[in-house]
Amino acid sequence: MWKQCEALQEAIVSFRRDLHRIPEVGTQLPLTQAYIRKVLEGWGLSYTLSATHSTLWGDIEGSLPGKTVLLRADMDALPIQEATGLPFASQHEGKMHACGHDAHAAMLLGAIRVLLDNRAQLRGRVRFLFQADEEAVSGAKFAVKEGAMEGVDAAFGCHIGNLLGPDISSGTLAVKPGNAMASADYLFLTVRGKGCHGSTPEKGVDPITIASHIVINLQEILAREIPASQTAALTMGRIRGGDVFNIIPEQVELDGTLRTYSPELRQFILKRIEEIAKSTAAVFRGECDLRVGGGTGAVINDPALTALTQEALAPVAGEGMLLTDFTPNMGSEDFSCFQKEVPGVYWFLSSANREKGTCVPHHNPRFDIDEDVLWKGSAAFVAAAQAFLKA
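Taking our numbering, I'd label the letters of the sequence shown as residues 12 to 402.
By construction, these hints were calculated from the structure, which means they are not laboratory data. Each hint should be verified, as a subset may be incorrect.
Label-pair ranges, simulated between beta-carbon atoms [as the list claims (entries may be wrong)]: (1) Leu-127 <-> Ser-180: 28 to 36 Å; (2) Pro-177 <-> Ser-210: 45 to 53 Å; (3) Ala-293 <-> Gly-206: 17 to 25 Å; (4) Glu-286 <-> Glu-330: 46 to 54 Å.
These numbers were taken from a predicted model, which means no experiment stands behind them. Just so it is clear, CB atoms sit at the ideal spot from N, CA and C, and this is done for glycine as well.
With the hints as constraints, model all of the structure from the sequences given.
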């Protein structure tokens, strides 16, 4: 069945380019949703719309009773000004599909078309889900709350691009049991001091100095408090404070992110961040508050379902093109929300091709994919779903 996806390559590319032209950010993606709905309705498929997001989902009913499998694609973009120069580049100022979600949606559409054409051979039900707001990791949570996972027995998702490295050959499929992507927490620290004139710092409490010490001290958690065998990333990506060169401000704000693979390590580091930030501020006569916002758990692939998926994806990938042992990615994905409900597997499809210029990192204004592998993404969805429903 999955082999039929190759014949749809041109259509899948067309879907991807259409979606690439109309990137939208966040929870509300009216143009993107309208495009998906038009395609689905043209195929005679019904669907359910989220009450809060532009997320939508629906079912393809097989001819025989059986289990239900979820195939999920995200479809939101990023607030980035595109600089690829592609003929189908973003038509929306300051917005771009710089992470491949346009390709994810296109590949799922290709898979739906093939599954729809072969539903007489399907045992059970395939639920397709097009998700908004993956980048801010809220979309999956709302989809679960609104019933998108009701009756689902397993879930599959994928990511295209070069997340595993620019030297993984384009067209390689990568899937392994256990950790696939990291958890993500967003950190918001407010450092409070006492404002005064820059010429008399002794009359105030300098939150800029305090914030600087906090940034340095937090790195000691990774350097000296966790075993070398465990992996974590802690980055402070934004500092805001002060308006005038000669005035010590009242407060400084620090924003950052924490990434881990282990739930236990995640909680330990969050606890230490708060302790170190507050203590450092107190040493210099200031105060610091920590707020942890958003966030999502680590993507952890179910071992038994992964074994089934690897077997199903091997012929799709082709000889030597299925990767089953690799370092998990430190990026995050709210697909983990679905894995909390049912066994789930998340795989990667490499589109890294130096000759085609598709090795630029994700979230970059020049990010692009190798469109020649899009049919493989659709085929992987079809093969995994078919294998699970037959099991």
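Going down the list of hints, with the structure as the test:
Judged by the Cβ atoms, the range 28 to 36 Å given for Leu-127 and Ser-180 holds: they are separated by roughly 31 Å. Under the hint 45 to 53 Å, the C-beta atoms of Pro-177 and Ser-210, about 51 Å apart, fit the expected range. As the Cβ distance of Ala-293 to Gly-206 is approximately 19 Å, the hint placing it in 17 to 25 Å holds. Here the CB-CB span from Glu-286 to Glu-330 is close to 52 Å, well matched to the stated 46 to 54 Å.
Violation of the numbered hints given earlier is absent; every hint is satisfied by the structure.
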